[in-house]
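K.L.:
Sequence:
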Amino acid sequence: MQTSYFELWLGAWPSAIDWTAAVMNTHIAASLATLSKALDAGTGTAYARDIENELNRYFGQSAAYYFGEDTFAIRNEAFDDMLWVVLAWLEHIRFMQIHSRLHLNKPWHGSQYIPAFAHRAHVFYDLASRGWDESLCGGGMVWNPVLEPYKNAITNQLWISASVGMYLHFPGDNNSFPFMNQDLDTKGLGHAEPHDTHFLEAAVQGYSWFKNSNMTNTQGLYVDGFHISGLKRNSTTCDDRNEMVYTYNQGVILSGLRGLWESTGNTTYLEDGHELVRNVMKATGWIVVRGAPTSTFEWAGLGRAGILEEMCDAKGDCSQDAQTFKGIYFQHLGQFCEPLPREPLYPGKTYSADKQLAALHDRSCQEYAPWIAHNARAAVGTRDAGGRYGGWWSASSGTFLSAELPHGATDYRNNASELLSWPWASASQMQGSAHASYKIVEQVFMPSQRGHDTAQQPLDAKANARAQRDWNDRGRGRTIETQSGGIAVLKTLWQLMNIA
83 MQTSYFELWL GAWPSAIDWT AAVMNTHIAA SLATLSKALD AGTGTAYARD IENELNRYFG
143 QSAAYYFGED TFAIRNEAFD DMLWVVLAWL EHIRFMQIHS RLHLNKPWHG SQYIPAFAHR
203 AHVFYDLASR GWDESLCGGG MVWNPVLEPY KNAITNQLWI SASVGMYLHF PGDNNSFPFM
263 NQDLDTKGLG HAEPHDTHFL EAAVQGYSWF KNSNMTNTQG LYVDGFHISG LKRNSTTCDD
323 RNEMVYTYNQ GVILSGLRGL WESTGNTTYL EDGHELVRNV MKATGWIVVR GAPTSTFEWA
383 GLGRAGILEE MCDAKGDCSQ DAQTFKGIYF QHLGQFCEPL PREPLYPGKT YSADKQLAAL
443 HDRSCQEYAP WIAHNARAAV GTRDAGGRYG GWWSASSGTF LSAELPHGAT DYRNNASELL
503 SWPWASASQM QGSAHASYKI VEQVFMPSQR GHDTAQQPLD AKANARAQRD WNDRGRGRTI
563 ETQSGGIAVL KTLWQLMNIA
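Residue numbers for the sequence shown follow the working numbering, so the first one is 83 and each next one is one higher.
To be clear, the hints were calculated from the coordinates, so they are not data collected in a lab. Zero decoy hints are in this set.
List of simulated lysine to aspartate or glutamate pairs, DMTMM-like, C-alpha gap at most 25 Å:
#1 Lys188 to Glu425
#2 Lys397 to Glu380
#3 Lys119 to Glu136
#4 Lys119 to Glu420
#5 Lys188 to Glu275
#6 Lys431 to Glu420
The task is simple: from the sequences and hints, build the whole structure.
P.N.:
Spelled out as structure tokens, the structure:
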């Protein structure tokens, strides 16, 4: 991923867009933590030196990205975009805390970046907090301030995971520089202390609203979100549900639930997480009680033949957004399945598991390992001669029939032109100038011929010709986003194979 897609002199992944770059940054941090744990398990000094060298190399690239990240653009984007940034830098802080605990009796040298990373997480968390709204639907995060109110799964899951992550891992920030536009209503960024309970309260409140929002379908999967059908009549009720199902909407909440358990000791959060994981496995055509896929290749709701899949995969028309989703799912599943601590990480602030609970959690996660291994084998099977992963892991499963969208579903993540009409855009936006319309499209990352960094990158002109040789060369082909999916599923499999 780094060799093919990262440019050190820019401190960036040029082919990524703002939010997918933040996700790539998260994958790097999580992979560094995995390398650190592998270093701990190393049996030879040469092996240990090799791992340490790789770890330092990739951390140096992440430090370069800190300066290459387009923070000016992101702070003017949707609330979910901001929260991906928060999760990324919190994950780097968590990696440095893990690495220091495992190998050193003092902070690792990279810890000198913690104040800077913490400040960036703090700034974007503060900006995103403006999306929480109780005047509509009784609570929840609004997705995009430029569009009509839409309370969607991903923004609310990100809010929950970021809030509890701030409570657990944020080390505090005494830098009051607001780093935002002067015309925004702000008095500057206040100081923040570690383990501030207002972060935890936001996560608890956020999940309470989310769990009771009626955002799951009959398979127990999270649909995309809610519009307000009577908004023009001053209704405040979320009643127009978008039935679209994406893989990442089943994933981000998992790290949030794990964090909520550790912050409160309430095992209901873990139970909810395990139930969701099993629902996802079933929706890929995996028979949980047998630990094996179905013998047919019929669409099961979120995949087929036991392999996770986006609805756009079979058609070969996944957007840059959708190519990122499966990697996000496995990243957060991996966080959820980390062994529960037997001692509080922060006494008086966090909780630990007794022997029975820790064993039950590990046992449950081990039951997922065959399904994860099945997906990892499928992902590895999509690599080309250059080791680049494809996005459609089911391409060799025996069928190339695409799935029909659920009734009442709008796939705006792969067809962003939907966002230029009601109920996404207001009447004034629909009837406004071309400039206003471009602004809406730009905010939601439509393909653009203007070369703006926040626009999705154009399709490879040769992709369709190559498709005759490889199903994963259709459409956008192999990208940094599809590469991250392979990394995430392999990393999560390694983690489960090495649970003590």
